[in-house]
Amino acid sequence: MPMELLHDLKVSHPQDTRARQDFVSALRGYVLNDMAAGMKQRYQQAVAPALAQRLGRPAATQDDVHDAMKGDLFFKFYSSVRYNAQEMVWRSVVPGIEAALPEMQARAVAVQDRAGGTLTLDPALDLPENVTEIDVHLMPGVHAAPDTPAAGAIYDNGLAVFSAGFMGRELNDIGMSMANYIAKKFPDFRPADILDAGCTVGHNTLAWAQTYPGARVTGIDVASSVLRYAHARAGSLGIAAHFHQMDATSLAFPDASFDVVFSSMFLHEMSVKDIKRFFAEAHRVLRPGGLLVNMELPPNQALEPYDQFYLDWDCYYNAEPYYRAFRDQDYPLLTRAGGFAAEDYLQFTVPQYTYMEDSAFAEAVHRPATIDGETGRLSASLQWFGFGAWKR
Amino acid sequence: MSVLPLDAAGKRPAFFDEPGMDQLVSMMLELAAELWVVKERVFVLESVLGQQGMAARDAVEAYVPTPEEQQTLAAMRATMTAQLFRTLARDHRPVNT
Chain A
1 MPMELLHDLK
11 VSHPQDTRAR
21 QDFVSALRGY
31 VLNDMAAGMK
41 QRYQQAVAPA
51 LAQRLGRPAA
61 TQDDVHDAMK
71 GDLFFKFYSS
81 VRYNAQEMVW
91 RSVVPGIEAA
101 LPEMQARAVA
111 VQDRAGGTLT
121 LDPALDLPEN
131 VTEIDVHLMP
141 GVHAAPDTPA
151 AGAIYDNGLA
161 VFSAGFMGRE
171 LNDIGMSMAN
181 YIAKKFPDFR
191 PADILDAGCT
201 VGHNTLAWAQ
211 TYPGARVTGI
221 DVASSVLRYA
231 HARAGSLGIA
241 AHFHQMDATS
251 LAFPDASFDV
261 VFSSMFLHEM
271 SVKDIKRFFA
281 EAHRVLRPGG
291 LLVNMELPPN
301 QALEPYDQFY
311 LDWDCYYNAE
321 PYYRAFRDQD
331 YPLLTRAGGF
341 AAEDYLQFTV
351 PQYTYMEDSA
361 FAEAVHRPAT
371 IDGETGRLSA
381 SLQWFGFGAW
391 KR
Chain B
393 MSVLPLDAAG
403 KRPAFFDEPG
413 MDQLVSMMLE
423 LAAELWVVKE
433 RVFVLESVLG
443 QQGMAARDAV
453 EAYVPTPEEQ
463 QTLAAMRATM
473 TAQLFRTLAR
483 DHRPVNT
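So the protein lines, in turn, are chains A and B. For the first sequence, our numbering gives the first residue as 1, with consecutive numbering after it. For the second sequence, our numbering gives the first residue as 393, with consecutive numbering after it.
To be clear, the hints were calculated from the coordinates, so they are not data collected in a lab. Incorrect hints may have been included.
[Unchecked claim] Once the Cα atoms are required to be at most 27 Å apart in a straight line, the calculated DSS-like pairs of lysine-lysine come out as:
(1) B/Lys431 / A/Lys10
(2) A/Lys40 / A/Lys70
(3) B/Lys403 / A/Lys70
(4) A/Lys76 / B/Lys403
(5) A/Lys76 / A/Lys40
[To be verified] Derived coverage of chain B by chain A (criterion: at least 3 residues anywhere in the stretch with Cβ under 8 Å from a Cβ of chain A; other residues may be distant):
(6) 396–410
(7) 415–424
The beta carbon of each residue, even a glycine, is placed where N, CA and C say it ideally should be.
Using the sequences provided together with the hints, build the complete structure.
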């Protein structure tokens, strides 16, 4: 079932549309759990042995696996159904948003200032190519109505369907899990200024404000529409946050102005060159003792070839062109390229905070990071992956 | 006129070698979605009727169509089946009959 949005920008979709969203969400759940499990079994039992015989060795890389799987009928149906489900996610929400847009704008204006948050747009900002040239994860309409909250609404409503129950009741499980990991793992660390880079509608930005009451929380993104939505959404939820239209590779903040620089599901949307520029900027704006922390997909080098291939499906078929190049990186080296010291590197996996008791989560943060085929993957046994570095 | 596009930019990938298979999967999933929409609507309709004192779900379960209705349903099913297999049917009977 899609998550019902719990704030004033919620769109009232007609009953038939809600039923369609139910279907799409269930279809995604089926693809990501049942079909994915079937596909892995099919690989292990049939495809891998045939591949090993043909190559004279087991599959060594995800390209070996991908090449072999391309000819497999199960993979074709898995991919085809998953691709269609992705398109159907957006198609199930766009018409309702279009119809509701004038009224939504009025509601946004009415609620946006309720919590004391601010919105600072920069109409002169040059939008980077990874935003202007690609409809990332097949989401249409990012630039269709930049002076409205439309793209934010498409993302929020789409995620409610897309997440198929994997991202929490308020679609903020990533932010809540990461912020609570830091809070529980490092109880003496008390950040006062927190930055979320590439924040979109602020799902995960606000989690930091909830975890660290009293901290000043700032979110940046290059797209004005998602920020308009983020600002109004935060106002509606009664959480103060400050949103700026800004490029993470060129921050307008002074040196040493944050204690945490956070990102989630962000690095894999950028070129490696831009990730390094972002990390250098993060290093610059962090105070000594501050923390860069990114929620991301796990690195390919930690995974078996099949699991690498499985996660990089998005790169090949879901308009995520930078995904694999990022995941092929050595993450500690990336943070070093930004100016962080090798010994200050940090990485971890966490279970889903909003799905468990706080006390059980507090115990879980002390377990060592274990990366496997389930890490970062939307499935029943999901664990989020995080990495970053402390600034000296 | 609509402002927000429904389709993402870029070319759709082809997963199947046979021309048309990818489109067929899309059509099949759209049909499945529409079928679900109808099923959910019927369910809701029965619930709404039930709340208003008409035990529609039970009545539907217990309902026995009259002989006349059975004939009508049989004709509807035959039409639907013929439409479903109309392209196959072209191969074993003259097109213009």
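These are the hints, each one checked on the structure:
Taking the CA atoms of B/Lys431 and A/Lys10, the gap is about 25 Å. The hint holds against a cut of 27 Å. Between A/Lys40 and A/Lys70, the direct Cα distance comes to roughly 14 Å. Compliance with the 27 Å bound is thereby established for this hinted pair. A C-alpha spacing of about 18 Å is found between B/Lys403 and A/Lys70, which places the hinted pair at or below 27 Å, so the restraint holds. The straight-line distance between the Cα atoms of A/Lys76 and B/Lys403 is roughly 17 Å, inside the 27 Å bound, and the hint therefore holds.
Only pairs whose Cα atoms come within 27 Å are accepted, and A/Lys76 paired with A/Lys40 is accepted, the gap being roughly 13 Å. Judged by the Cβ-Cβ criterion of 8 Å, the segment 396–410 of chain B is covered by chain A as claimed, because 11 of its residues qualify and three suffice. Against chain A, the segment 415–424 of chain B contributes 5 residues with a C-beta closer than 8 Å to a partner C-beta. That satisfies the three-residue criterion, and the hint holds.
In summary, the structure agrees with every hint in the numbered list given earlier.
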